[in-house]
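Colleague: Below are the chains, spelled out letter by letter.
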Amino acid sequence: MREKLQNKNLWFSSATTILAVVISLLIAFILIMIFSDNPGASISDLLTGPFSSKRNLGNVISMASTFTFTGVAICIMFQASLFNVAAEGAFFLGAMFAAAAATLWNIPVGLALVVPMVIGAVTGAIICFIPGILKAKFNADELVSSLMLNYIVLYLGLYLLNTYIRDPQFGALASYQLPAASKISNLIQGTSVNNGIIIAIILVIISYVFLYRTKTGYSVRVLGQNKDYANYSGIKVAKVIVISQLAGGAVAGLGGAVEVMGMYGRFQWTSLPGYGWDGVIVAILAGNKPQIVPVAAIFLAYLRIGANVMARSGDVPSELITVIQAVMIILVTASALLSHIKKKIIIKEALSDGQNS
Amino acid sequence: MDKIVDVIFSIAFLDSVIRVTTPILFATMAILVSDRAGVLNIGVEGTMLVSALAGVIGSAFTQNAWLGLLIAILTGMAYSGILAVCHLKLGTDVFLSAIALNLMASGLTVFVLYLLTGDKGVSTKLPSKVIPNVHIPVIKDIPVLGDILSGQNALTYIAIITLILLSIFLYKTRTGTYIRAAGELPQAVETAGVSVKKIRMLALLLSGAIAGMGGAFMSMGYLSMFTKDMVAGRGFIALAAEAMGRGLPGLSLLSSLLFGFADALASSLQIFNIPSQLTRLVPYLLTIVALTIYAAGEQKKRKKL
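Taken in order, these protein sequences are the chains called A and B.
In terms of the UniProt record's numbering, the first sequence has 77 at position 77, counting the first letter as 1, and numbering is strictly consecutive.
In terms of the UniProt record's numbering, the second sequence has 199 at position 199, counting the first letter as 1, and numbering is strictly consecutive.
Hints may be right or wrong, so weigh each one.
[As the list claims (entries may be wrong)] DSSO-like cross-link-like pairs, simulated, lysine-lysine; straight-line CA separation at most 27 Å: (1) K137(A) / K301(B); (2) K239(A) / K301(B); (3) K183(A) / K239(A); (4) K227(A) / K300(B); (5) K137(A) / K227(A); (6) K228(B) / K120(B); (7) K227(A) / K301(B); (8) K236(A) / K125(B).
It is worth saying that the hints were derived from the structure and are not from the lab.
In isolation and in its complexed conformation, chain A is listed as follows (with noise of 0.2 Å):
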């Protein structure tokens, strides 16, 4: 009864996500045909450019697996009911240190993979511990002082980065070459994938097992859901909070190292690359599970390759993406808000027909 309970649940909130997709899409066509000459390239461009090349097809994949990290990172957080949007500084910060360790360091060629992301990992963690912390003693709002962290750690990175590890002999701002034995190989030739993509879905499997299968992972969600019932239950929220924001920073820092290791040759961000948000939007989309993120992932990634062909190919700029992006943000927000209706529809059912039988 309850699995059944839970399926139709399930199968409300994904046919309502599915509605706000398609709701926003449409807003999408009407405003293209708004502001474009030729609407109907740039529409079949928006859905048909990701395939149009090899090359397009890859970035989206590869944009995808950032997503994830992201993604990833900011359900573990949200799940545990915390804004804390700090995963944008995180996987800034870690990508930075990571390229600091393996331009620094003299570090063996067979530590040389590990030893950065590690790094990477640690630097998101201690990030997104920071506005944890300050919530869990002080009850300090996480948003703001995740918020504010963000730009600390942007300056905080740029100075390092000028200071310690600035490549003088190259034009702008970046750091020395990483090392040859730093870089993530290439799993598809010719296009932008590369092995991080396995370290990606090694990480929704982790982070799955984590929140649905242990102990720990089950408190973050009673938290989520009810910080009052996980008081009263002997969960010590403080400890939980803290865990939750830990695991979440290093799986954004981790994503910072793989992005600068398997992309670039060099860390050379001067602003926010705008991933930490990117997180959220996949987050939302993905119900906060896990799971679902590399589906949310691979969609946006889509989407945004898509309005890039369009904006190089026609008249349309790319930035239409993100009031796209607005619009189903609202509408699944909104649609959750009706899947919680719904389950008490379904539990008053439920118990009605226990009554009766």
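Add chain B to chain A, keeping to what the hints say.
Modeller: What follows is chain B alone, placed relative to chain A:
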């Protein structure tokens, strides 16, 4: 060190403190009115950005800075109105919707700017107007003080007037009382036969109007054009300023000034070979410290009760 003190007490520095405080003060008031109604508007950041562009476009097409300001205010209300409808009618989480609107503002402004000018970064191609500076008679003749208090942008004085009007509105009018009650004891408002949702809707629209003025100041006072992502976190800093000001208009003015001071100091310190990246992170660091101290104090107070 003496040099730093000299800078801080220079007329130019105090003048710049007032200039950089103005948008923070607008944003703080916008957040304050929403917070008092019990719906914290973290979308102020995006609202200001959209209004900043609307002001530039409006003033360019009407060739009148004040009409530009009006259009910025109306745009701010409309943008906040979207948040209000999403949260109050569709029942979305107010934080998530506001995050969505902030993300959208960043892209939407570039989208519109590109369609109008073919440029994705700045609005220099639009012949937009600037809100004038105001020289106050009598005060402008006072030595030193006159140089600081007079000759500021008209919107800076409008910010002060708005603050006074907002205090009167919140504490001396019936609607203002309902707004405060909607934040503290929504049941009481319902008991009085007034819809909490309507009161919150009103508060969010007011919040949008004030944020709209802040946006207009950014592109028609602080700078004389729109640039991509020009609000640059001021809406978020204001969240902390409002929290530190405990939602009280007077205290919020002081905390806005504190952040304005930190911001101005960050730019001034660059003269002394302190790396600019480090000085630029100071206001954000200060925000976290202030937020934590405030929250810790509140927590202690609650434990005593």
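Colleague: If a hint holds in the structure, say so; if it does not, say that too.
Modeller: Structure-based check of each hint:
At most 27 Å may separate the alpha-carbon atoms for a hinted pair to count; K137(A) and K301(B) meet this at roughly 14 Å. The hinted pair formed by K239(A) and K301(B) meets the criterion: a straight-line CA distance of about 23 Å does not exceed 27 Å. A threshold of 27 Å between alpha carbons decides the hint, and for K183(A) with K239(A) the separation of about 36 Å lies outside it, so the pair is violated. With a C-alpha separation of about 20 Å, the suggested pair K227(A) and K300(B) falls inside the 27 Å cut-off, and the hint holds.
Between K137(A) and K227(A) the CA atoms are separated by roughly 15 Å; this keeps the pair inside 27 Å, and the hint holds. Restraint check for K228(B) and K120(B): the C-alpha separation of about 7 Å stays at or below 27 Å, so the hint holds. For the suggested pair K227(A) and K301(B), the alpha carbons sit about 21 Å apart, so the restraint of at most 27 Å is met. For the suggested pair K236(A) and K125(B), the alpha carbons sit about 58 Å apart, so the restraint of at most 27 Å is broken.
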